[in-house]
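Novice: From first to last, the protein sequence lines stand for chains A and B. With the working numbering as the guide, the letters of the first sequence map in order to residues 1 to 491. With the working numbering as the guide, the letters of the second sequence map in order to residues 1 to 133.
Heads up, a few of these hints could be off.
Computed Cβ-Cβ distance ranges for the label pairs, DEER-style [to be verified]:
| hint | chain 1 | residue 1 | chain 2 | residue 2 | range |
| --- | --- | --- | --- | --- | --- |
| 1 | B | P76 | A | A8 | 43 to 49 Å |
| 2 | A | G477 | B | E26 | 35 to 41 Å |
| 3 | B | A37 | A | A448 | 50 to 56 Å |
None of these hints come from the bench; they were simulated from the model. Glycine included, every Cβ here is placed at the ideal spot set by N, Cα and C.
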Amino acid sequence: MLSPEEQAWREQRMAVIREYEERELRADFINDAEIWRILESKAHPARAEVEEVLAKARELKGLTPEEAAVLINCRDPELLEEIFATARWIKEQVYGNRIVLFAPLYISSPCVNNCAYCGFRHTNDAVTKRTLSMDELEDEVKVLTSKGHKRLIVVYGEHPVSDIDFMCRTIEKIYQTRNGRGEIRRVNVNAPPLTVEEYRQLKEVGIGTFQVFQETYHHATYRKMHPANTPKGSYRWRLFALHRAQEAGIDDVAIGALFGLYDWRFEVLGLICHAMDLEREFGVGPHTISFPRLEPALNTPLTTNSPYLVNDEDFKKIIAILRCAVPYTGLILTCRERPELRREAIRLGVSQTDAGSRIAVGGYAEMEREHILDRQQFQLGDTRSLDEFIYELCQDGYIPSFCTAGYRAGRTGCHFISFAKKGLVKNFCTPNAVLTFKEYLMDYASPATREVGERVIDRYVEEFARQMPRRAEALKGMLARLEGGERDLYF
Amino acid sequence: MTFTFRAQNGSPAGPEKWPDTLPSAEELLRALEEAAARACAAYGVPKIYFALALGKRLHYLTGYGEETYLPAVREPLGRGIWVFIEGGEHMTAAQKEQLLATLRSLVGIYCTQECGKVAAFQAIGGRREEVDR
Numbered sequence: 001m002l003s004p005e006e007q008a009w010r011e012q013r014m015a016v017i018r019e020y021e022e023r024e025l026r027a028d029f030i031n032d033a034e035i036w037r038i039l040e041s042k043a044h045p046a047r048a049e050v051e052e053v054l055a056k057a058r059e060l061k062g063l064t065p066e067e068a069a070v071l072i073n074c075r076d077p078e079l080l081e082e083i084f085a086t087a088r089w090i091k092e093q094v095y096g097n098r099i100v101l102f103a104p105l106y107i108s109s110p111c112v113n114n115c116a117y118c119g120f121r122h123t124n125d126a127v128t129k130r131t132l133s134m135d136e137l138e139d140e141v142k143v144l145t146s147k148g149h150k151r152l153i154v155v156y157g158e159h160p161v162s163d164i165d166f167m168c169r170t171i172e173k174i175y176q177t178r179n180g181r182g183e184i185r186r187v188n189v190n191a192p193p194l195t196v197e198e199y200r201q202l203k204e205v206g207i208g209t210f211q212v213f214q215e216t217y218h219h220a221t222y223r224k225m226h227p228a229n230t231p232k233g234s235y236r237w238r239l240f241a242l243h244r245a246q247e248a249g250i251d252d253v254a255i256g257a258l259f260g261l262y263d264w265r266f267e268v269l270g271l272i273c274h275a276m277d278l279e280r281e282f283g284v285g286p287h288t289i290s291f292p293r294l295e296p297a298l299n300t301p302l303t304t305n306s307p308y309l310v311n312d313e314d315f316k317k318i319i320a321i322l323r324c325a326v327p328y329t330g331l332i333l334t335c336r337e338r339p340e341l342r343r344e345a346i347r348l349g350v351s352q353t354d355a356g357s358r359i360a361v362g363g364y365a366e367m368e369r370e371h372i373l374d375r376q377q378f379q380l381g382d383t384r385s386l387d388e389f390i391y392e393l394c395q396d397g398y399i400p401s402f403c404t405a406g407y408r409a410g411r412t413g414c415h416f417i418s419f420a421k422k423g424l425v426k427n428f429c430t431p432n433a434v435l436t437f438k439e440y441l442m443d444y445a446s447p448a449t450r451e452v453g454e455r456v457i458d459r460y461v462e463e464f465a466r467q468m469p470r471r472a473e474a475l476k477g478m479l480a481r482l483e484g485g486e487r488d489l490y491f
Numbered sequence: 001m002t003f004t005f006r007a008q009n010g011s012p013a014g015p016e017k018w019p020d021t022l023p024s025a026e027e028l029l030r031a032l033e034e035a036a037a038r039a040c041a042a043y044g045v046p047k048i049y050f051a052l053a054l055g056k057r058l059h060y061l062t063g064y065g066e067e068t069y070l071p072a073v074r075e076p077l078g079r080g081i082w083v084f085i086e087g088g089e090h091m092t093a094a095q096k097e098q099l100l101a102t103l104r105s106l107v108g109i110y111c112t113q114e115c116g117k118v119a120a121f122q123a124i125g126g127r128r129e130e131v132d133r
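Just chain B, same shape as in the assembly:
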């Protein structure tokens, strides 16, 4: 799966190619990490990372970039996943919406009901679970 983030105004970018098969948890993490890396480059953001909500706990999934030690802006992406954006104050509202729309689209693809339970997001700790197909 590949993504293109467009830094200019315009309709949100989406995947260039839809997946042929249902993805695994590993693939989800890779896709998120790649999306974070591309978004950091496209928008000049130092760090983007993702976490899964478990009650009050936001459990780190993956991310990309250099820590800024500044407060992050966090936004829900659906399916219990949140994105944290550090150092993105310079982004315009349109750019932020575009980024979030693309990330939500990504999460939606990897976490459709056909994937079964949210085990897709249980890629945590030392063990990873396959999506329950």
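So here's chain A without its partners, still in its complex pose:
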């Protein structure tokens, strides 16, 4: 039960939301009936139609909802393999063979919402909610940086203890925390929707991406999952959260859906429509899309009973189709998934993933405990260390990346998209992956990972030298400077 103070805060927040809803002129761009009409109209796509859509995807111009529906409804195993191959090709064309690594950091779990699928819902007394103190936050960051992490996604509940001032203070604290050579260079934020003024305040501390998941785009399901008397009960407030962020000048925004709440085919089209609407209004779509699947959570039966749980094969389709549909948007896969599935899924167009994650509030301080179920929002499938995961990435031919160059070199929003859409962003991504991975190998890697990692770097530098000799010379010079003791060099 919420305390009187929590209830009062919640009421205040809802008054802000109601006032917003009266003023918001934007039209809800998710038309449930239309999405179903599109899906049904492409229910049985012919081979030729699928191949035509894939040919268009390879032009790197993205897909319309109708075209995505063709791929969604494709069931031919041979054609599915072509979809997967196309997704792989697109990702390599745009981003190269690099995988960006980050870690989640849950800072505060108290929440005034009561979402049916969430372990942190306020009526779930089986999960202990807590908020990190500044000292505890510093300790968590030091553990993360001691493993080699440079990028975080920080997560907050919707609660008076984690209001905008708290968010700003904690983000500043993270950036200020040093641990020898360790530091966090980019903080992305997963937090409740804010007002434009709050977004402006957050922007001043210098965040990376602001992330809000719609959870489900299906209106009736949204109402069912999110009680009306909670801030999260407002569909429109959440749907336009990132439009408001853009209004405030936060031009790197991220969307997502929680797969398992409703039909995955609908949610894929919902995500595409959301990306299109952001691009329509602001000239730039989301920086990343996430597609978490419902995972078991303590005392949360929906997470295992939902009739819409997504199987592994459909999950792979989701990733591949999104990659084809939004070629310039990062796709984030998380440690929710089992190691063997992650290995397959990464090949389908994923550009970012976490590793070495702990999702209990204060979980990194107790790193040896893989699960702390009574303090976690849900259960993780992959609890391997960052180093183990990096070793596997190297074996699979990827180059791990801790790059944070883009947002520190002014490559943000429309500026980023201007050369991303020429398929040339990998000209930055690849050398920056090499540089940040070199730092990791020198400062944090196990001997086995260092050995395999150095071979990966040599291969990439050699390839880069063949393709872009002048830039390769610059890269070699910077690698030598890293070996000489400098750090944080980037294109």
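Start from chain A and add chain B according to the hints.
Specialist: This is chain B only, laid out in the frame that chain A set:
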């Protein structure tokens, strides 16, 4: 407002005409873009762009030129604005100082205390704010 960049050694170039009224954020961006274009032409530099510092984030403002995909040299211009110069290795130290002095002068003009808060630089994203006069 117009600028002249002198490619030869000499005292830094400044504006030929001071503004009659306090400029808006839009005017700031236009001035920066024009300055970048002129500097690229005067110094043979492929690309120059500007960003506003927000914590660790350098938020793109405007720029001119063709992307080289080479590491840029970045320099502070004051008021939280940074300039990125790509492909300027051939510039002499004097030329670079001249360019930076002119750009700093430009930033100083558009971002005087009389302009009120740094809202002049909040010309970002889809909406632009007027300078708080």
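Novice: Now tell me, hint by hint, if it's right for this structure.
Specialist: Hints, one by one, checked against the model:
1. B:P76 - A:A8: 43 to 49 Å: 45 Å, holds
2. A:G477 - B:E26: 35 to 41 Å: Once the Cβ atoms are compared, 40 Å apart, the range 35 to 41 Å for B:E26 and A:G477 holds.
3. B:A37 - A:A448: 50 to 56 Å: 52 Å, holds
Of the numbered hints stated above, none is contradicted by the structure.
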